[in-house]
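Given chain A, put chain B in place with the hints provided.
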Amino acid sequence: MTSPPNFSMFRWLVWRDLILAWRRRTDVLATLFFFVIVVSLFPLGIGPEPQLLRTVAPGVVWVAALLASMLSLGRMFGNDYSDGTLEQLLLTPQPTYLIALGKTIGQWLVSEVPLIIIAPLLGVQFGLSERTLVVIALSLLLGTPVLSLIGAIGAALTLGLRAANVLVALLVLPLYVPVLIFGAGAVEASVNGMTPQPFIFLLAATLVLSLVFAPWATAAALRISVE
Amino acid sequence: MLEAVNLGCVRGDRRLFRGLNFAIRPGEFIELRGPNGGGKTSLLRIISGLAPPAEGEVRWRGQNIRKLGEEYASEIAYVAHQNGVKDELSPTENLLIAGGVSGNALSREQARQALAAVGLQRQRDLTTRLLSAGQRRRLALARLRASRAKLWILDEVLSSLDDAGMNLARDLISAHLISEGMAIIATHQELGLPAGLMSRIDLAT
Numbered sequence: 001m002t003s004p005p006n007f008s009m010f011r012w013l014v015w016r017d018l019i020l021a022w023r024r025r026t027d028v029l030a031t032l033f034f035f036v037i038v039v040s041l042f043p044l045g046i047g048p049e050p051q052l053l054r055t056v057a058p059g060v061v062w063v064a065a066l067l068a069s070m071l072s073l074g075r076m077f078g079n080d081y082s083d084g085t086l087e088q089l090l091l092t093p094q095p096t097y098l099i100a101l102g103k104t105i106g107q108w109l110v111s112e113v114p115l116i117i118i119a120p121l122l123g124v125q126f127g128l129s130e131r132t133l134v135v136i137a138l139s140l141l142l143g144t145p146v147l148s149l150i151g152a153i154g155a156a157l158t159l160g161l162r163a164a165n166v167l168v169a170l171l172v173l174p175l176y177v178p179v180l181i182f183g184a185g186a187v188e189a190s191v192n193g194m195t196p197q198p199f200i201f202l203l204a205a206t207l208v209l210s211l212v213f214a215p216w217a218t219a220a221a222l223r224i225s226v227e
Numbered sequence: 001m002l003e004a005v006n007l008g009c010v011r012g013d014r015r016l017f018r019g020l021n022f023a024i025r026p027g028e029f030i031e032l033r034g035p036n037g038g039g040k041t042s043l044l045r046i047i048s049g050l051a052p053p054a055e056g057e058v059r060w061r062g063q064n065i066r067k068l069g070e071e072y073a074s075e076i077a078y079v080a081h082q083n084g085v086k087d088e089l090s091p092t093e094n095l096l097i098a099g100g101v102s103g104n105a106l107s108r109e110q111a112r113q114a115l116a117a118v119g120l121q122r123q124r125d126l127t128t129r130l131l132s133a134g135q136r137r138r139l140a141l142a143r144l145r146a147s148r149a150k151l152w153i154l155d156e157v158l159s160s161l162d163d164a165g166m167n168l169a170r171d172l173i174s175a176h177l178i179s180e181g182m183a184i185i186a187t188h189q190e191l192g193l194p195a196g197l198m199s200r201i202d203l204a205t
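Protein chains in written order, with this note's numbering: chain A, 1 to 227; chain B, 1 to 205.
Since the hints were derived computationally from the structure, they do not count as laboratory data. Just to be clear, a hint being listed does not mean it is correct.
What the hints assert, rightly or not - Restraint ranges, calculated between C-beta atoms of paired labels, are given here:
# : chain 1 : residue 1 : chain 2 : residue 2 : range
1 : A       : Ala220    : B       : Pro194    : 39 to 45 Å
2 : A       : Pro174    : B       : Asn36     : 51 to 57 Å
3 : B       : Glu70     : A       : Gln51     : 56 to 62 Å
4 : A       : Leu209    : B       : Asp13     : 36 to 42 Å
5 : B       : Asp163    : A       : Ile117    : 52 to 58 Å
6 : A       : Arg223    : B       : Asn167    : 34 to 40 Å
7 : B       : Gly8      : A       : Arg24     : 15 to 21 Å
Said to hold, decoys possible - Derived list of chain A stretches under chain B, where covered just means 3 residues or more per stretch with a C-beta under 8 Å from a C-beta of chain B:
# : region
8 : 18-29
9 : 90-100
As the list claims (entries may be wrong) - Covered by chain A, per the in silico footprint, the following chain B stretches (three or more residues, Cβ under 8 Å):
#  : region
10 : 47-54
11 : 62-75
12 : 94-101
A virtual CB, placed ideally from N, CA and C, is assigned to each residue, including glycine.
Chain B with its partners taken away, still in its complex shape:
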């Protein structure tokens, strides 16, 4: 469903990668490995459509994502290094607003469920400013869970999570894959997801 054809990326005067080809089908995921500065985030941003590739193209259902535009945007969810949550809002409000602006309006009950699923039920009406780094990460996971996206693009999603949080993230991703979802995950840690569904890209080579 997602296809990368001959992707290349240049940052400044450094070539990060070239001639990268891969595909993800429903129910599968890609584990993206590579050293710091190896271009993992750049690749994820290209796949999300935030940045254009220097060469090659990304195709979704056979069409270039830069032509699909908003149609593609409604099918992906991106969790970046920054969690993309607002300090001034409560976790509940963060979810309601993130849903609202992306055309996927949630009810309060749905938001409550998503927060309970990541273990933030007690913090749901606190200001997000008071949450720890790991709890913010969990909030980003709740946003992911509440989105109806088919393709999850995750950048170091396990960082700053405790053991319970990592298990939670794994469970979320597994459930997403079982329901025919797709994911591309940049990571330094073992994901511990079923290897049969995985292909690996190593940007060091």
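So that you can see chain A by itself, here it is in the shape it has in the complex:
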């Protein structure tokens, strides 16, 4: 653990989550394997009909990414909440907004970036063209931060509740729908030989919007949850 002493509080926070994730890397790997297995089950279940596989690929990859990112939400604040470090974080002299944003960035780096890297490989199973594989990675690159940002609100709201995992799913999955439509839309357009550009722009717009508002809502939810 070496780090320059001039780390800002915010960078320390993200750094902290990266170290913790590394120490508990089985959790991260479990999410990744879940994603790989869910995506791989479809070609096995549907059969090797290339045209059919290409048609379902965008939806399958995106739905699997949605579910995989849901799995990691419980850990996002849950561990810190139960060992008291979340309280300590809220008592640090930095705005709760930044704490929420820092934790969200940490979760994205740890749980979502591996999905973005591995998704194009999985796309090969569906017989997608190279260009489409790039579009998959790009749409996930823009879409998964939104999943983390929205998911953080749900994770903060359900902190310390019984059956938090089920509640998070009920709260958050409906809010994921726009990302699913735009993300799968981009891949689908590419599969059909059209330009994915409009969908990519819509994803980028969703990202900007949630980047501004989600940490603020997460911060408010965190405050309520620790009260």
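Chain B alone, transformed into the frame defined by chain A:
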């Protein structure tokens, strides 16, 4: 410096206390007594700013802490029932990270000194998971010592400490008070700190 004005706290439909007034000046401390469920932790959480009071306000240098926000946060340190340490990290890493995220970055040497001061020098690079409850408490004390906070808010700080650990906690608190620090301490045990500096709040009455 710290002033509580007419504080009231309601938990569910039970009123835990109301009309509570007290003040702490530099070099003084408050011993907080009361039965289980009497509202000691609730009061400490209100003072730390984690929870809002149902009525009244807490003032720091004459201003409401809810308006001061981060400025107040940099002057307090809170040791709760849970120690607020990470099992996955070593004691050294726990201190470095706790310092870093609160804008009080420590050098490895400072962390080493703080751990030596609470008798954890041999455990400093072990995983915290392997430490006993008392040793974790000592780690929380090391975090307290390493913070530059003026006001220490301590919840049952002597619990799970052995005799040597209790003496250590007393010494830390005395040293903090001598350097013009302040403390509010919820406890069931005799603290054994100089009574001249103390005022007592009993939540049972």
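Going down the list of hints, with the structure as the test:
The hint said 39 to 45 Å for the Cβ distance between alanine 220(A) and proline 194(B), and at roughly 43 Å that hint holds. Checked against the given bound of 51 to 57 Å, the beta carbons of proline 174(A) and asparagine 36(B), roughly 43 Å apart, lie outside it. Hint check: glutamate 70(B) to glutamine 51(A), Cβ distance near 58 Å, so the stated range 56 to 62 Å holds. At about 41 Å, the CB distance of leucine 209(A) to aspartate 13(B) agrees with the hint of 36 to 42 Å.
Against the hinted window of 52 to 58 Å, the Cβ-Cβ separation of aspartate 163(B) and isoleucine 117(A) comes to about 54 Å, which satisfies the hint. Taking 34 to 40 Å as the suggested C-beta distance range, the pair arginine 223(A) and asparagine 167(B) conforms, at roughly 38 Å. Roughly 42 Å separates the CB atoms of glycine 8(B) and arginine 24(A), a value that falls outside the hinted 15 to 21 Å. With a threshold of 8 Å between beta carbons, the proposed coverage of the region 18-29 of chain A by chain B holds, since 4 of its residues qualify and at least three are required.
Counting residues of the region 90-100 of chain A whose CB lies closer than 8 Å to any CB of chain B gives 6, so the stated coverage by that chain holds, three being the minimum. Only when three residues or more bring their CB closer than 8 Å to a CB of chain A does the claim for the region 47-54 of chain B stand; here the count is 5, and the claim holds. Counting residues of the region 62-75 of chain B whose CB lies closer than 8 Å to any CB of chain A gives 5, which reaches the minimum of 3, so the coverage claim holds. Counting residues of the region 94-101 of chain B whose C-beta sits closer than 8 Å to any C-beta of chain A gives 5, which meets the bar of three, so the coverage hint holds.
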